[in-house]
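Colleague: With the hints as constraints, model all of the structure from the sequences given.
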Amino acid sequence: MAEIVVNFQHDRGLVYDADDYFRLRTEFRIVGNLIGVPVSHPRNINQQGLPVVLSSYELKLLFEKNAIRLSNRDAIFLQAPCTEQAQLYKSMIEKQKEEMRQPVIEKRIEAFRKHLPKIIEGKRKKLLKSGIKNEDINISPEQLVAEEMEKAKTAKFDVLVQIPTKYPFDCDQIKYRVFESLWNQGGFITVGDSFGCDFLLYPGDPMYFHASHMVHVLKKSSQKLDVKYLIRICRLSVVVNKLCVIAYIDETINDVHFETLEWEGTSNKGESV
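Residue numbers for the sequence shown follow full-length UniProt numbering, so the first one is 1 and each next one is one higher.
Hints were generated in silico from the structure; no laboratory data involved.
Restricting the straight-line Cα-Cα distance to at most 20 Å, the calculated cross-link-like pairs of lysine to aspartate or glutamate (DMTMM-like) are:
id, residue 1, residue 2
1, Lys219, Asp250
2, Lys123, Glu148
3, Lys126, Glu147
4, Lys220, Glu251
5, Lys156, Glu99
6, Lys219, Glu180
7, Lys156, Glu94
8, Lys125, Asp136
9, Lys219, Glu251
10, Lys151, Glu99
11, Lys123, Glu150
All of these numbers come straight from a predicted model, not from anything done at the bench.
Modeller: Set out below in structure tokens:
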């Protein structure tokens, strides 16, 4: 059986061929996530087409099953940049940081203007206490705003800087173990971000079936679960008509375990106390 070619670009596995994607769904129960625009309906924003991007769990599982062959298209991007490219990248980063700083500065100045009357009154009282006569006090609102603007420009703000991780975290290794165990038991598995869980389990192809289980993965089997957390995930599963499952790895035997939770609500709601 021929291996399916998966293009590895920007640390993501992409499948562009429709026949290959059909094989992934029918033979390996791998759904992925369509991120492209369908050729037949290019203006339909509610429908996605090829390519399909595979999650790290799906990629690893397929690779271990010898079902795919990775084709690295990032070789050209691995070349050392020239001086001009390095300077361009540096200027782009600085521009991005400045664009992130600007809304923060504007928000700070807006808040300063909102409290400007109180600030002026406070400065006036302070000057009066120091012995300066009221007629000699001249506080310019524009000057105060200009001074605050200069302070804001030189102040340090927290910026959102992406720090890519080369190696997966421990929790990712655990999630893959759970993903692999679910896959071996049959059914289709997708990422459960849209439902606030780690994985969604389907009895068949998601094109024809709704998800039946919401799977939440614990980092440690000894992890203490907050009551509010349990109530939240159980009630959420009831609202969306799915079963709530907690998955964890038993360190004593190094095996994946699953626990199904059922929300009963208040059974004695109508009883008198």
